[in-house]
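Position chain B against the provided structure of chain A, taking the given hints into account.
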Amino acid sequence: MKVAIVTGASRGIGRACAIRLAEDGYTVVINYSRSAEEADKVLEQIKAGGGDGMTYCCDVSDLAAVKQMIRDVDKTYGQIDLLVNNAGIVRDNFLLALNMEDLDRCMDLNVKGYFYCAQQAALKMFRRRQGVIINMSSVSGELALAGQSVYSATKGAVNSMTRVLAKELGAKGIRVNAVAPGFIETEMINALSDEKKEEYLKTVPLHRFGKAEEVAAVVSRLASDEFSYITGQVITMDGGISL
Amino acid sequence: MTENEIKAKLKEFICSTLGVEPDVLDYDTELFGENAIGLDSVDSLEIIAFVDGEYGIDMTGVGKEHFFNIDSIAAYITENK
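Sequence order for the protein chains is A and B.
Numbering-wise, our numbering puts 17 at position 17 of the first sequence, and it's gapless, one number per residue.
Numbering-wise, our numbering puts 6 at position 6 of the second sequence, and it's gapless, one number per residue.
Extracted from the complex, chain A is given alone in its bound form (with noise of 0.2 angstroms):
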């Protein structure tokens, strides 16, 4: 059987692609950082609807910890095929009121992040030479959002890290590719106000807002072998916003 980690995957996107793998015949490696509790319900989820796997409590940021995470999954499954790199934060604010910390916070988790899940996992897919990983991106790595210079830098930077990787990667069977979503109806979209949701869905074409299920189907194809002749790709699905 298959495994695939995701990473941040006790809510959100992370959690809508850890349920959809396993539903595609993925063991699921459920990382998450802080939310044990989150975590676990989505392994019931997982395991109620036939699937199986493990939570993993793994601060990304932490190459130690993240060492230790892969070494893990290794010894127990024997054999990681899918990585999906998700676990990241935001933390909006213009330029001159830019808090130092979060803009390390950020650099932490969603840039050094992914490279330190990326550099571990393909330690281990060269061994079987195949494997496949996809890096959570976003349309602000493209788009310029005001207040997102943050965000946006650490998106256009997993964009850039997914294309180079592709090609370091290639030629052992493993493929890197990135999906860059706009909004997506998770808990920050929830949190906004009627008027500020509004203000949003007017820049999408399709006037809705996405669903995370419909990125985790996204991540499922790419990471299936009908899509195997893809490589160091930005999957951009936003509702139109980026046209």
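No lab work stands behind these hints: they were computed from the structure.
Beta carbons are placed, not taken as given, at the ideal position from N, Cα and C, and that holds for glycine.
Treat each hint with caution, since some may be false.
[Claimed, not checked] Straight-line alpha carbon distances no greater than 25 angstroms define the calculated DSS-like cross-link-like pairs of lysine-lysine that follow:
id: 1; chain 1: A; residue 1: Lys41; chain 2: A; residue 2: Lys2
id: 2; chain 1: A; residue 1: Lys67; chain 2: A; residue 2: Lys167
id: 3; chain 1: A; residue 1: Lys172; chain 2: B; residue 2: Lys11
id: 4; chain 1: B; residue 1: Lys9; chain 2: A; residue 2: Lys172
id: 5; chain 1: A; residue 1: Lys112; chain 2: B; residue 2: Lys64
id: 6; chain 1: A; residue 1: Lys47; chain 2: A; residue 2: Lys211
id: 7; chain 1: B; residue 1: Lys11; chain 2: B; residue 2: Lys81
id: 8; chain 1: B; residue 1: Lys81; chain 2: A; residue 2: Lys67
id: 9; chain 1: B; residue 1: Lys64; chain 2: A; residue 2: Lys167
id: 10; chain 1: A; residue 1: Lys75; chain 2: B; residue 2: Lys81
id: 11; chain 1: A; residue 1: Lys67; chain 2: B; residue 2: Lys64
id: 12; chain 1: A; residue 1: Lys167; chain 2: A; residue 2: Lys202
id: 13; chain 1: A; residue 1: Lys75; chain 2: B; residue 2: Lys9
id: 14; chain 1: B; residue 1: Lys81; chain 2: B; residue 2: Lys9
id: 15; chain 1: A; residue 1: Lys47; chain 2: A; residue 2: Lys112
id: 16; chain 1: B; residue 1: Lys64; chain 2: A; residue 2: Lys172
[As the list claims (entries may be wrong)] Here are some of the chain B residues that sit facing chain A, going by a computed Cβ distance under 10 angstroms:
id: 17; residue: Phe50
id: 18; residue: Gly56
id: 19; residue: Glu65
Showing chain B alone in chain A's frame:
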């Protein structure tokens, strides 16, 4: 496993997987760089993955001086076992 056995295994791997002729590869032969036997950065990843799989030693992010030759890789493995 002794350090000499590790060296022999590394040589066998480099020859069989990376296509280096055994007669040009001694334990002190430089592996990477201008005066070396022509291995490149992708080959270094192969060696890192081999060492990880075979000995459970993580060489990701390790300084390139440890990849100088078979002697130095074997010494790193022995020191970190």
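How the hints compare with the structure:
1. A/Lys41 <-> A/Lys2: Cα-Cα ~22 angstroms, so holds.
2. A/Lys67 <-> A/Lys167: At roughly 23 angstroms apart (the allowed maximum being 25 angstroms), A/Lys167 and A/Lys67 satisfy the hint.
3. A/Lys172 <-> B/Lys11: 21 angstroms, holds
4. B/Lys9 <-> A/Lys172: 22 angstroms, holds
5. A/Lys112 <-> B/Lys64: 21 angstroms, holds
6. A/Lys47 <-> A/Lys211: 22 angstroms, holds
7. B/Lys11 <-> B/Lys81: Holds - the C-alpha atoms of B/Lys81 and B/Lys11 are around 19 angstroms apart, at most 25 angstroms.
8. B/Lys81 <-> A/Lys67: 16 angstroms, holds
9. B/Lys64 <-> A/Lys167: Distance of about 22 angstroms is within 25 angstroms: holds.
10. A/Lys75 <-> B/Lys81: 18 angstroms, holds
11. A/Lys67 <-> B/Lys64: 20 angstroms, holds
12. A/Lys167 <-> A/Lys202: 38 angstroms, violated
13. A/Lys75 <-> B/Lys9: Roughly 23 angstroms separates the two Cα atoms, so the pair holds.
14. B/Lys81 <-> B/Lys9: Status holds; Cα separation ~16 angstroms.
15. A/Lys47 <-> A/Lys112: 32 angstroms, violated
16. B/Lys64 <-> A/Lys172: 22 angstroms, holds
17. Phe50: 8 angstroms, holds
18. Gly56: 8 angstroms, holds
19. Glu65: With a closest approach of 20 angstroms, the B/Glu65 hint is violated.
In summary, the numbered hints that this structure violates are 12, 15 and 19.
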